[in-house]
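**Q** Here the protein sequences line up with chains A and B, keeping their order.
FYI, the numbering for the first sequence is 1 to 327, going by the working numbering.
FYI, the numbering for the second sequence is 1 to 431, going by the working numbering.
Honestly, the hints are just simulated from the structure, not real lab data.
Since this is a predicted model, take the numbers as computed values, not measurements.
Idealized CB from N, CA, C, for every residue including glycine.
Hints may contain errors.
What the hints assert, rightly or not - Stretch-level coverage of chain B by chain A, calculated; a stretch enters the list once three of its residues show a Cβ under 8 Å from a Cβ in chain A: (1) 126 to 138; (2) 147 to 156; (3) 338 to 352.
Stated by the list, open to error - Partial selection, computed: residues in chain B whose CB lies under 10 Å from chain A: (4) 162; (5) 284; (6) 289.
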Amino acid sequence: MTTGRIRRVAVTGLAVALLAACGAPDDGPPAAPAASGSLPRPVNVADPAVIPSVAAAPTCDARASLRPTGARPAPGAMPAGSTMARIVERGRLIVGIDQNAYLFGFRDPRTGELTGFEIEIAREVARALFGDPDKIQFRAITTADRIPVLVDKKVDMVVRTMTMNCERWQQVSFSTEYLSSHQRLLVNRGSGIRSFEDLGGRKVCATRGSTSIRVIAAQPSKPIPVSTDSTLDCLVLLQQGQVDAVSTIDVLLAGLNAQDPSTEIVGTPLTDEPAGIGINKDAPDFVRFVNQVLETMRADGTWKKIYARWLTPLGPTPEPPPARYRD
Amino acid sequence: MSIRTVLTQLRWRMTTTPGLLAAVTVGLVVIGLVAGVAGVLAVRQRAALVRDVGTFSGPLSVRAQDIYRSLSEADATAANAFLANGVEPAALRQRYLDSIAQATASLAVALRDADDRGAAKLDVLARELPVYTGLVETARSYNRLGTPLGGAYLREASGLMRQTLLPAAHDLFQIEADRLAQAQRDGATFPWLVLALCLLALAALAAAQVLLARRTNRVINVGLAVATVAALTSLGWSTIALTGAGGHLDDGRERGSTQVHVLAEARVAALQARADEALTLVARGDGAAFEKDFVATVERLAGADGASGLLGQALAGASDDRDRQLIQEAIDQARRWVALHKEVRGLDDGGQYLDAVKRATDPGAQGLPATFGHVDDALTRGLAAANDRFDAAADDADGALRGADIAIIVLTLLLVAAAVVGLQRRIGEYR
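With the rest of the complex left out, here is chain A (with noise of 0.2 Å):
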């Protein structure tokens, strides 16, 4: 280095020095204090969620259902002392649905009115009794309340993508399968994300008391599993980037993906969850009845025709599940 560039160097260090010390003022208005932003999150999240323990699994068949006995009685003309003759009396069928799952029960924007694929189950099921759908009473309930209410027979029925299994077998009855469907994972486009092998230490979310949350929680992968109130909240949390996947049962996620063409549903299917209408445990004769009303959807093209009315982004139109029973 040579002596005019080390003066140069000196002359320009003395040169910034001053000029720091000119430009620091004592009482300039104060430094804005270091500040980062924060997404809040859906009431009632758990991060990490809360995982049930699993009661030792019993064994069963779980989509065999009570067979039908003897002839389906006319609508209103109810055998004396059933559980159907209750219902008739009372004049509505209380029914427990769900009036967030777009398609599946959801209001109409339009007209305020409740529809959608399980909306127009449980009027069948109105129908049959009355001989009028629209003698029915919807109860809007939570994922977790849905064995609660039947057990405490708030509700005649539940039809809210209910999965038969052989644990909730002992608490409640199921009809026929009405729908079948697999767990899967709904993502943000191009994130690349493709199954739970991806979402290794990632948050994946799910509600809480559904099968599907500890489905997440037994990955090999170990994703972690994030619980909210409603399937909804989960859609919220992903779009706002708080956590990398929704996993539940594809026919839920095909709804949140049509209020949300950025998403995509990925993923192999994992479970194979048949949907089933709750019953009480104590109206054997209720669910031979309705697994009748079903036998005749199935068979009568009802059941198609309300599956393409609402359920089409899913896929063309499938056979009815068949009806399995125990006897």
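Guided by the hints, dock chain B onto chain A, whose structure is given.
**A** Same frame as chain A, but now just chain B:
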């Protein structure tokens, strides 16, 4: 001249009557001036405290009150606007925008004067309010598309409001209210030192008179008599002015700010319950937590019997018939509102969601929104009356002190002059 010679000379002079009288004159002048200056300072300082209550702490607490109320109102209005499918009523939308604008404007002003504790709360509000409005607008967009996702965003927005924004606003409100109460108490304490100095001046004057009577055999010295009258007047004036100001401040606290506090809390509780009511319906079956909160909040507002709680407290604290009438009106209308709410819940729980919404948004004069409007209106007017009472008391306190400092200065000068002249004459007789 050494100090010793000065002292010796002084002692010698004190033994003579004129020397003693000269020393007494100096002593009286010093005591009179000290008492006078202390009095003026006390009045000035008190006046500053009183003005602080009226022009600083008072308005600050009103601003904190404004922020708290506007945010609660935004929460309630956003939820109610959601009940109408897709297109919200223009009036509700405007009210929501007004609430946000009011909160933001008050926030900007409040930040200027807040102390450290208040500033920390305001910082939370300033950071989270934009996040809140963003969520509400996202909710609106999805609601217009008719998808249930809108409701989920609104629930998230409301959760942010209730878990973060409103608690910070409430803390701020409490901090400013405490600060105001402290300022009111500071302004209302009596300055005992001034009283003691005035009494000391009076005692000195009396002693001088006795001394003079003994040494000169004259019972009354006109100068000292005038000085005594001036000291007494000064004592009386400052005592009346200071106790008067203190009394007005106490009155302002008891009948004004305490009542303002209760009514502001009542109003916010009413708005929160109103938001709960709408959110229960918006949540469409997932809203049990909101209904639980409604029941708890209404109980805080009006008690289990509908006439206690915050409203009962406000009724007990009302200071005139007009106030009592307003609060009674709020109690009666709140009772009607809760009855209508029960009808709405009955319909919704019975599965008649659309009828429940219709009842909850009934635009009629006897409808639920109008009834809630009456509750809110009565509380708003009661709050305005209590705020006015506080302002009037602060003005009165300020008025009580007006002119007191001038009077004390004039009286002190009179005291000193009269004492000097009175004693000087006696000293002159010895020459």
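**Q** Take the hints in turn and mark each one as holding or not.
**A** Structure-based check of all given hints:
For a cut-off of 8 Å, the count of residues in the stretch 126 to 138 of chain B with a CB near a CB of chain A stands at 4, and the three-residue condition holds. Proximity of the stretch 147 to 156 of chain B to chain A, defined as three or more residues with a beta carbon under 8 Å from a beta carbon of that chain, is established by the 8 residues found. Here's how the stretch 338 to 352 of chain B fares: 4 of its residues keep a CB closer than 8 Å to some CB of chain A, so the rule of at least three is met and the hint holds. Proximity of residue 162 of chain B to chain A holds as hinted, the smallest CB-CB distance being about 8 Å (cut-off 10 Å).
The interface hint given for residue 284 of chain B is met, as the beta carbon of that residue sits about 4 Å from the closest beta carbon of chain A, less than 10 Å. The interface hint given for residue 289 of chain B is met, as the beta carbon of that residue sits about 7 Å from the closest beta carbon of chain A, less than 10 Å.
In terms of the numbered hints stated before, the structure departs from none.
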